[in-house]
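**Student:** Each chain is listed here by its residues.
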Amino acid sequence: MISLDDIRGLAALARLKLTGAEEENLQKDISNILEYVGQVSAIPAAKGEEKPMVRNVMRKDELSAVLGTREDLLKAFPTREGDFNVVRQIIQKDE
Amino acid sequence: MSNLADLTIAEASKKLAAGEITAVDLARACLENIEKHNKELNVYLEVFDDVVVQAEAADKRRAAGEKHPLLGIPLAIKDNILIEGRIASAASKMLEHYVATYDATIITKLKEAGAVFVGRTNMDEFAMGGSNENSAYGPVHNPHDISRISGGSSGGSAAAVAAHVALGALGTDTGGSVREPASFCGVVGLKPTYGAVSRSGLIAMGSSLDQAGPLAKTVEDAELIFNAIQGKDAYDSTSVDKGTYPAPARTKKIGVPRALLNGVDADVLERFESSLTALEHKGYKLVDIELPSAPLALACYYIIMPAEASTNLARYDGVRYGLSRKGNDLAEDYAASRGEGFGPEVRRRIMLGTYVLSAGYYDAYFGKATAARETLRREVTEALKGVEAIATPTAPVPAPKIGEKADPLSMYLLDIFTVTANLTGNPAISVPMGTVTREGSELPVGLQLTAAHGDEQALFTIGKELQ
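Chains as they are written, first to last, in the working numbering: chain A, 8 to 102; chain B, 5 to 471.
Hints are all accurate, no fakes.
Label-pair restraints from in silico Cβ distances:
no. : chain 1 : residue 1 : chain 2 : residue 2 : range
1   : A       : Glu69     : B       : Thr315    : 21 to 29 Å
2   : B       : Glu44     : A       : Phe91     : 43 to 51 Å
3   : B       : Asn332    : A       : Lys100    : 16 to 24 Å
It should be emphasised that the hints constitute simulated quantities derived from the structure, not laboratory data. Note that the Cβ used here is the ideal one computed from N, Cα and C, for glycine as well.
Build the full structure now, drawing on both the sequences and the hints.
**Tutor:** What follows is the structure, encoded as C-alpha cells:
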C-alpha cells in the first residue's frame, strides 16, 4: 500500500491541492489500481521486430496554423491589463 | 413519421435532396425533442442559439446547387471538440468559460459539408470515465432507462442520437468512449484507425490513444460521417492517408477470441452468439482465435492513459486561460487552480500518471506497459491476417445504474473489450445486437468488430449485415 506521505509527494509533483479526506481516498484508490495494473510485470518484453507505432514526421518550418486571432487569445487571460496578461512576480530583489 | 428527427441521416439526406423537407424543418424537429427531453436526460450542456440560422444557411447552399450527404443534417458535438467562438469546456469547471479560438479540423470539414451543429454534449470531465458520472454538470441519463448511465465518456453524444435530439453526433474515443456509450444507448459508434481522423482541435487526453469518431443510428450513417471527417491533416502529424496501410484480403472470416469472454453476462453472451450465427447465415465463417496478451490490455491501458493524460493536463495552470485561483506564491496558484478546476476522477488520473512516470517506477510500469502494447499490437495484427474482423461484445454488461459503479476499478472494468483497439491503433465499431432485460427494462447491448489498420470498410460491410 502506498503511504499518505507518497500521496502528498505526488500531489506536490502534480501541482494539485488536495483535502485531507481526499488524500485518504486516493491512498486507497491508487493502491488498488496499482495492484491491478502491476499485472503488466508478467509480460515478456516485445521482440522488437515489428514496425513501431511511432515514427518521425518532418515538416517545413513555416507558419501555417492560425489558431485564433490575437484578440481572441488575449480575451482568454484570467487577468488582463490592456494587452498584457497579469502574472505573479517571481523574481525578487536581493534584500 | 411522428417527428423528422426520427429519420436516419441517409433518409433525411434523400428527402432534403428531393426537396420534400428543408434543413430548417429538421433543425426544428430536433429543437422540439430537446424541449421535451433534454432536462430529463441532461444530454446537451448547451444548445446553440443559432441552430435555425445555420439550417437556413444550409438550405441556401442547397438552393445554390451544393450537394453533400451531410448538408443540412443536425449533429451533436462532444464538448471537447473546438468550434471557433463557442465554449468548449470538456465538461470541466477548469474550462467552464473557455471560448475556442479556432475550429478543430473535423469541424472545418463538417462546416464545408454543411452540417448543422445543434449543441455541445455532456461527457465525462476531460473524457475520463465510462459512465458520464464524472461530468462537472451531472450525469447523462440513458434514454432507455433514465435510472441508468448513458455510458461514457461520449455519453451525451450517444444519448443524443438515441433520444433523437440530433441525427448523428461526434464523440472521442481514448479507451472505448465512443463504443461503450453506443452499446449502452443502442446506437452505432466507430473508433477509426489511429490517425485516420485528425486530432487537431480536440482537447487532448491520451495523445497516442485519442481518436474522434461518429455516433449514429445506423452503420450507413456512421460511414457518411466518417467519410466527411477522415483524411490526412497537416495540423496532426500522426494523421494517415488511405495509402498508409495495405489493402487487406477479403476472407469472409470473423475471428472470435472465446478465451476472453468469461466475465460476460450470460444473456449478453446469448445475444452475441445469435449475432454470430446471423453472420454465419450471411456467408461468414467463424474462426477461433487467440490473443494471449489481451487479458493484460486493461492493465496496460490504465498505465499508458494516465501517464499521457497527466502530461497533457499539465497545461492547465490558471495562468493563460481557464480557471485561475490565487495562493501565497506561484506554486500555490497552480495547486489551487488545478485542485479546484479538476474533478475527483481527473485528479485521480493525474496522480496515477504522475506515479507511473516518476523516477524509480517508470521501468516497472510505463516501460512494461509500452512493451505489452507492442506485443498486443503484433498479436492483433497477426490475427487479422487470417480474418477480416475480430468480434467480441462491446461491454460485458448492459448499462449499470447511476451510482452503481462507485469504485474506480469496477468502473474501469467496463472498458475491458474496448481498450485493445486504442492500444493497437486498429479501427473498431460497436453495432447494436439486441437487448437484455434488467429489472423490467429492455437495455441495448452492442457487438464490437475490430479490423486491420485502415480497414474501416470491413467494419461497415460486416456491420451492415448485423442490422
